[in-house]
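K.L.:
Chains as they are written, first to last, in this note's numbering: chain A, 1 to 238; chain B, 239 to 475.
Since the hints were derived computationally from the structure, they do not count as laboratory data. Careful: at least some of the hints might be erroneous.
Computed footprint of chain A on chain B; a stretch qualifies when at least three of its residues, placed anywhere within it, have a C-beta under 8 Å from a C-beta of chain A [stated by the list, open to error]:
| no. | segment |
| --- | --- |
| 1 | 262-269 |
| 2 | 272-279 |
| 3 | 361-370 |
Being a predicted model, the structure only gives us computed values, none of them experimental. Where a beta carbon is used, it is the ideal one built from N, C-alpha and C, also for glycine.
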Amino acid sequence: MQADIKNLQITERDLERLTGKEISPLFMGGITYRISILKNPKYLAPILLSEAITLFLISIFSLPISILLFQSFGKSIDNRQSQIEFAIFVFSLDLILFLSWNFFAWIRAKKMICLSHLLDEVDKYNQVIEAVDICDRLKSVGNQSANLNHRDDILQALELTRDSLICGLTTEKILRDHRRFLSSHRDLFANIEQNLIALQSLDVQHQADQYSDLLNDALVIGINVQREMLNLQLELKD
Amino acid sequence: MPFFSVLVALLSDRDQFIQEIYDGVKINTKIVGLLICSSVFLAIYGGLIGAVSSWMQVLSSAAKLPFLFLITLVICLPALYFFNVYFGAKTTVGQYAAILLCAVTITSTLLFGFAPVTLFFLITTDNYFFFLLLNVAIFTLTGIIGIYFLYQVLLPKVELLPFTDALERADTAIDKNRKVRISILKFWLGLYAFVGSQMAWTLRPFFGSFGSKFDLFRPREGNFYLAVWNAIKNLFT
Numbered sequence: 001m002q003a004d005i006k007n008l009q010i011t012e013r014d015l016e017r018l019t020g021k022e023i024s025p026l027f028m029g030g031i032t033y034r035i036s037i038l039k040n041p042k043y044l045a046p047i048l049l050s051e052a053i054t055l056f057l058i059s060i061f062s063l064p065i066s067i068l069l070f071q072s073f074g075k076s077i078d079n080r081q082s083q084i085e086f087a088i089f090v091f092s093l094d095l096i097l098f099l100s101w102n103f104f105a106w107i108r109a110k111k112m113i114c115l116s117h118l119l120d121e122v123d124k125y126n127q128v129i130e131a132v133d134i135c136d137r138l139k140s141v142g143n144q145s146a147n148l149n150h151r152d153d154i155l156q157a158l159e160l161t162r163d164s165l166i167c168g169l170t171t172e173k174i175l176r177d178h179r180r181f182l183s184s185h186r187d188l189f190a191n192i193e194q195n196l197i198a199l200q201s202l203d204v205q206h207q208a209d210q211y212s213d214l215l216n217d218a219l220v221i222g223i224n225v226q227r228e229m230l231n232l233q234l235e236l237k238d
Numbered sequence: 239m240p241f242f243s244v245l246v247a248l249l250s251d252r253d254q255f256i257q258e259i260y261d262g263v264k265i266n267t268k269i270v271g272l273l274i275c276s277s278v279f280l281a282i283y284g285g286l287i288g289a290v291s292s293w294m295q296v297l298s299s300a301a302k303l304p305f306l307f308l309i310t311l312v313i314c315l316p317a318l319y320f321f322n323v324y325f326g327a328k329t330t331v332g333q334y335a336a337i338l339l340c341a342v343t344i345t346s347t348l349l350f351g352f353a354p355v356t357l358f359f360l361i362t363t364d365n366y367f368f369f370l371l372l373n374v375a376i377f378t379l380t381g382i383i384g385i386y387f388l389y390q391v392l393l394p395k396v397e398l399l400p401f402t403d404a405l406e407r408a409d410t411a412i413d414k415n416r417k418v419r420i421s422i423l424k425f426w427l428g429l430y431a432f433v434g435s436q437m438a439w440t441l442r443p444f445f446g447s448f449g450s451k452f453d454l455f456r457p458r459e460g461n462f463y464l465a466v467w468n469a470i471k472n473l474f475t
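If we strip away everything but chain B, and leave its shape as in the complex, we get (with noise of 0.2 Å):
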């Protein structure tokens, strides 16, 4: 399948294919490529954990999950792209996209890597602040592995000037410009992360409860980082 074609050549040689993406090689292919690969994993992965409650809750959160990645990441490309633009890059929206569903793409392949572990403890054990626990840990491993794939891509090169000096070097305005570039970059990922864990809160429920009612969704109270803590409370009382 064509599509699949992206995804092992991303896995198979990431410098090669964010070189592409920077070169503007096929950038339509790849965005299409990568987001199929991406909803086709997450959805995977989201029906398994929708599987906690009820088949409607499978369905649920196999459309929900990927939603809830692709749409962090609609939000968030115009303040990349923007900010970018204003510090003198020359990437295009096309590029940010294919850059940024690089990054969704790998959190959906180890997400999906994880699945026969999550699979494993939704069978052997009922504990529904565990499994709670579990799949934070799960997402937030992953979610930071997807951040630092992007940091390590969004990061401004450094410039080859011709000065000997490295003190000299630090004052030119092109070496300010990079620091406050890497400055936007640290704060956008910030950003980032916040909106997809806020994002994960409003369309909750994604696992349900043990045997209780199914519900699309739930009253907008209390935050993300509430709830762990009180999962975290419940676990050891």
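Isolated chain A, as found in the complex (with noise of 0.2 Å):
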């Protein structure tokens, strides 16, 4: 990868500095997921693995407490009704700390979801870049349908987005920190629409392919990251 485009990239290194928090595909402070995903088929088989793995712990710390709660009411496990009573007494304690469980994550993710929307921007602005990337290494090798004659204003366009993001998540993390924190980030809106407004500026009459779907996506990024933060300003007048 080119220097220029790998200074670009938002890592999760830079993720976790920007954000506070340990995000990775699924999850978002190691515990929350990351509520965007859930429309994304994708993502369903390891959703259900990781509660699978959450009734499995739940069960493990709910069948000895169960043991020891009947120890404790004097009740036996002999016969086979008392087994059955058992089993159905283990079975409803699993079933309701798991939905308190998903209950309380649900909440957890909904508080949080402004900061989902904005990785899930970032994660297609990473995928711009890995494209852009693709685009290099392909014209390295003498392959001339991949020229993008208009790198520089890519590069510009990328540089503009990656700073509305950082803007973005760092507002999102000291709004998240500091719920009356008010003053600077009407700066950092600014900011953001001062940096979307230079991305339309920028032409994009070219009829190379590659350069306006990728400058599309730029500022499809851009739109959205300033979608999100109008949002949190409305909630903020509320």
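Since each chain comes alone in its own frame, lean on the hints to assemble the complex.
P.N.:
Listed below in structure tokens is the structure:
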């Protein structure tokens, strides 16, 4: 990867520094789901696996606790009838704990929905970076069809998008940590708007497909970031 | 799977992994990954030793064995944290939890490694006391390795001082503090082993008995060490 493109990437380390949370494709902060991935069928299997593991861990803790509770109530588990009662008790306890865990996980995820959307935009942004890198590599082996004629303009657009994303993530973190923090975020919002205006002013009349597609992607990311920030602003006014 | 990548990271470069814990890098992810890996391995081994008796013992032991290790950790963690904080450690509760989970994960991975041996003797022997003592030996060996790992990781580091005279260095407050912390660490490791063995006795049976009735729980009588001694006597009579 060329150095100028590499510097534009937003890495996991950068995300952890900007958000103050451990970020992975599935989770924020280690245990909170990124709520926006629930709509993506690609993540269905990992989510189901996580839920199965959660249920398994809950069962590990609930079975010995159930044994101790049954013993302290003086109930034995010798005959078939009492064993069925015990099994129903354990199953019910597991279900209650599992549903409670998911309920609180849902509430936690809803509180960080803005961060989840911003992280999706970061993923899309990194994919655009990867697309540019692939074009560069194809060009370096002599594939002229992948030639980016206005690479500098693309890099400029990506830089503006990166600034907007970093502003958005920083703003979200500040607002998450300090709900009453107002004055600085207005300047950050102004910065995002300026970047978006600069993006829109770039000439998009050229014929090369890769160029216009990539610029379009960068624009869409910038628009989505601004939309999230406007939503945050409306939340603050309420 | 992301959870098992934490295990791979621990086993492939332990020093780097522990350093990341002390630097506070991805603590929550490490805790969750280690918790899941250790629980899965312990559940598998617990199910295996429960297979001596019946399918109900398999389920019971598969749940009890991870519970045993994790509840021992929860019981002993506050003592470790507060003792070290009192003597000036800057490590957080989350970091101590991650370190203790590393030890439990190493123990559980070694137990998982012994599973084929246990399965072999499960199939080829019907001597309950031999099988019991074999597993006591396996648990003791893997437990010692886990505790030795903890000792190496939690040992207070030597602080570099601008003294050239070793005798003068021995009298400094910092060195005395370090010696006290080492003594407390040794005491805590002994406490951890003792709580663990007593918890195992409280939660028994894990093996059940060959062909006998399934018990979820047995009456609180005797202790672990007496039971091991009786098993040794029965093996040679």
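K.L.:
Hint by hint, which ones does this structure get wrong, listed from lowest number up?
P.N.:
Result: hint 3 breaks, nothing else.
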